[in-house]
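Given the coordinates of chain A, work out where chains B and C should sit on it, guided by the hints.
Those protein sequence lines, which keep their order, are chains A, B and C.
The opening residue of the first sequence carries number 1 in the numbering used here; numbering runs sequentially from there.
The opening residue of the second sequence carries number 102 in the numbering used here; numbering runs sequentially from there.
The opening residue of the third sequence carries number 351 in the numbering used here; numbering runs sequentially from there.
Quick caveat, the hints were computed from the structure, so don't treat them as lab data.
Remember, it's a predicted structure, so these values are computed and weren't measured experimentally.
Fair warning: there could be bad hints in the mix.
Stated by the list, open to error - Quick look at which bits of chain B chain A covers, simulated, 3 or more residues with Cβ under 8 Å:
#1 126-137
#2 143-156
#3 162-170
Just so you know, even glycine gets a beta-carbon here, dropped at the ideal spot from N, CA and C.
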Amino acid sequence: MSVPADFYLTLSAVMFTIGAVGLLVRRNVLVMFMCVELMLNAANLAFITFARELNDVGGQIAVFFVLVVAAAEVVVGLGIIVAIFRRRVGATADDVHVLKG
Amino acid sequence: MTPHLLAATLPDGLTFAIAGVIALVGSLGVVLSRNPVHSALMLIMSLFGVAVLFVEQDAQFLAAVQVIVYAGAIVVLFLFVIMLLGVDRSEAIATEPMPAQRLMAVGLGILALVEIALLSRERWPLGAHSVAGKARGTGHSNVYVLGRSLFTTYLLPFEVTSALLVIAVIGAIVLARRPRTSAGPTEGEAAAAEAGGGPLVDAGELVGSGAPSAERRVEAEEALARAGDRIGEPVGEQEGLTVVRRPEQ
Amino acid sequence: MLHAAFLIPLFPLVGFAVLVVGGRRLGNPLAGWLATAMVGLSFVTTVVVFAGLFERAPGRRSFTQTWWNWFSVDRLHVSAGVLVDPLSMTMALFVTGVSTLIHLYSIGYMEHDEQFPKFFLYLNLFVSSMLLLVLGGNFVMTFLGWEGVGVCSYFLIAFWFDRPSAASAGKKAMIFNRIGDAGFLLAMFLIYERTGSLQYQTVFARLGHVGGDSLVAIALLLFLGATGKSAQLPLYPWLADAMEGPTPVSALIHAATMVTAGVYLMCRISPILHLAPDAGHVIAIIGGATAFVGATIACAQTDIKKILAYSTISQLGYMFMAAGVGAYVAAIFLMLTHAFYKALLFLGAGSVIHAMNDEQNTKVMGGLRALMPITGGTFLVAWLAIGGVPPFAGFWSKGDVLLNAWGYSPALYVLGALTAVLTAYYLGRCYMLVFSGKARWVEARATGDGTSRGHAEPALEADTSNPNVPHERIAAPAGPASHGRLHPHDPGWVMTVPLVVLAFCSVFGGLINLPFHPSFVFLERWLNPVVGRALFNPHLGAGSEIIFAVIDAVLALFGVALAYSLWRTAVYRREVEPTFLERAWFIDWSYDRLLARNSTRMAAFTSAVVESRVIDGAVNGFAVLWRRSGTVLRRVQTGYVRNYALGIMAGLVVLLAWVASRTFS
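One chain only, chain A, in its complex shape (with noise of 0.2 Å):
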């Protein structure tokens, strides 16, 4: 008998939450972005749980597409980056704040 669902699903909020708080603290771009992967992983982690115990294979269907979508996002996100701190020396999030109040 494997492990229960349960115990899936609370290391996915976890993980999630990790990400999060990560996102909301970190000012590095590119870990931000890693952030956001590590929320998407524990997504995917919780689809495949209910994959699992719903013995339902629409759960790996979502993960499938998260994954892609995660690729293209990846690509662009990073084009963005690149193209805006090209010619920066710091590459943090807080050095471009053009839109303050």
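Using the frame of chain A, we list chains B and C on its own:
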């Protein structure tokens, strides 16, 4: 009934424990590493842990994709960008310019966790089973089941994601190109580039793409004002940027 | 022939349209001739339609022409169209006739005016509106014309708008008319509410279902409209100030046509008045009072046009008195004859003013009779006509009114008779001051080092101290009058022809409705299908009628003799020109003090306090509120993407909390 880890068989339990710890440590490592390269490596570690948990839950294909796409492609892309922008650019992780940010972030994180924990004690009505089909007990492999569902029921979303990927690739190319908006450098800019050596920026561009700082922009504009009508000639230099006045369109 | 009725208001309207587009190009005098021709064509058409109507049997003399459905709201259907019946045709005939003459006269009078085409443009629009007013087949059409003449009246009074006095006189006319128009509008609402229609014939057919109180209210509200338009107490002061307009305008609008609209309206709604005798009492009393008050004021004025203006007010009071006692035929009869001799008086006054280089003060005229024989002669005719000297037109029409007043109440008759004496007297005074005696203007011009005002001091003092006419032209420079010697003479034929024609009508106008024998009362028989017989028939025999006629004649001659004896040689007689009368019973003065100044003060208050503090304050307050809140709230926009993410996180926490609260409750 409280679910218990000991309810599982020993291999399963051990696998979950080890992989879970790896994933958690990797996650914490991403957030806590000072150096972004270390963060990236920690991310790989976390992804590997999650991949193991995927296998543990009969999602072999996705585990493989996780390793290949995430760890193999995406994180490599991250490292590539880190190297491109300069490894030495690190943040002062000990200091926080916004005083309440860190406190509130941790507080909100804990709150969210507590709420999730509270909610997870409930059993939720989940409605009808989806049309995707059973994951196990079909007599076919995970890849077969997943592929069948993907290319029949989810064919249209699948095609749409392929379009999305193409768009992302094109977008990345457009974004990463050098920002030459016009057909090419004007004669003046070319001359200025030869004379000054630095990249060409004009005041408008500085404003448009997010100026490094307001002071620099003001300096650039003052330089432009001093330049008067000398269109195309280098009018000033700040921090390696040659400022020229663009000819009127 | 009756189907040509739509052409009657159309011709002047076409003239108006042409002058709007090409008036400047046509220029002086072509624009004037065009306008005159259009009104003349309208007159001819009216004659043709009139003849067509005349051929019909008396019972069938009513013809409704509907042009199109103007607008429909719920059950209310208002059509654009005309009602051709003896009353409207009588009005149309004299409106177009007198208007044609006045147009002709204006070509000469306005010869040197720079705005010559514009003047005729307004005149044509005015005539068109007036014809819509009298021909309109329902209350709304009449109201359209009513407002049209009101607007034209404003334009024409303020024609020389660069004079502050003219501009404010125009505004005054507008405001007084608006007060009356409010009554008209309310009456229309009430009529529609009670009868479900605004078409004259439908309304009159349904009057039986309307309660008596409602009828009185309708009649009095319409009378309020009429007091505004026809310058009755208490809304009369605008007419005196309206003399700021060019003299032909005074003749056309403020004597002959527009101001009679109120009387016409009273005759038009005679079926309502029949059923609401209480309203009739009010109308008769106000009419009589206005007649008397106007006549007394006219006795003490020095400005020639003011005398005529107050005379008009007085005569209109007579007409309302007649309408109030139910003698609609007498009212119309007096209106017709009055149109002739009052237009004649005004045109004669215009001729004099022209000859005196825009001088209007009668005290500095005199002796013009010999120099201007045609003007003087026709003015004399008009005087005798309005004074009621037999056999001129005024004798018959005024006699008719007085006879009916006697049938209603002897007190009203006495008031009317007194007014008749005064009428003969004050116009005699005017005539004597202008045309006989010594030529005072010669001395004035010769000795007054270029200004004409030197010898008129006493009169001028009285005038300048008169708040009744605060914007009069007394203080204005004498203008063209100040240079050169005067050579008064009769004007050219375009101006004298109308004078002669009108004088002819003033002499023989009474023939259309002679008393004494039933076969002579043409007008009464003609109008009978519309207005019915007089309400209060005195039932006098022919003998009594002759006695009354003799009394009238004696009264008129007494007034004439009085004027002659008092003013043949004298110029100033303070004892018969009391300040009280000269300042118009202080009525206008009290309006000024009570209403105008207080409302000006209130307007100043609202502009200073309500406008600038409350309204502006509210607007600025909101602006400040938003700016301050913006200043505070802009800090939310830190520009740091992490901060925004924090917001998202907080949102997530709140959302989860909400879900949790739903789950555990």
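Chain A over the region 143-156 of chain B, status - at least 3 residues with CB closer than 8 Å: Holds: 6 residues of the region 143-156 of chain B have a Cβ under 8 Å from chain A.
Proximity test - 8 Å, beta-carbon atoms, the region 126-137 of chain B to chain A, at least three hits: With 6 residues closer than 8 Å to chain A, the region 126-137 of chain B meets the three-residue bar; holds.
Three-residue Cβ test at 8 Å for the coverage of the region 162-170 of chain B by chain A: With 5 residues close enough to chain A, the hint holds.
Against the hints set out earlier in the document, no violation occurs for any number.
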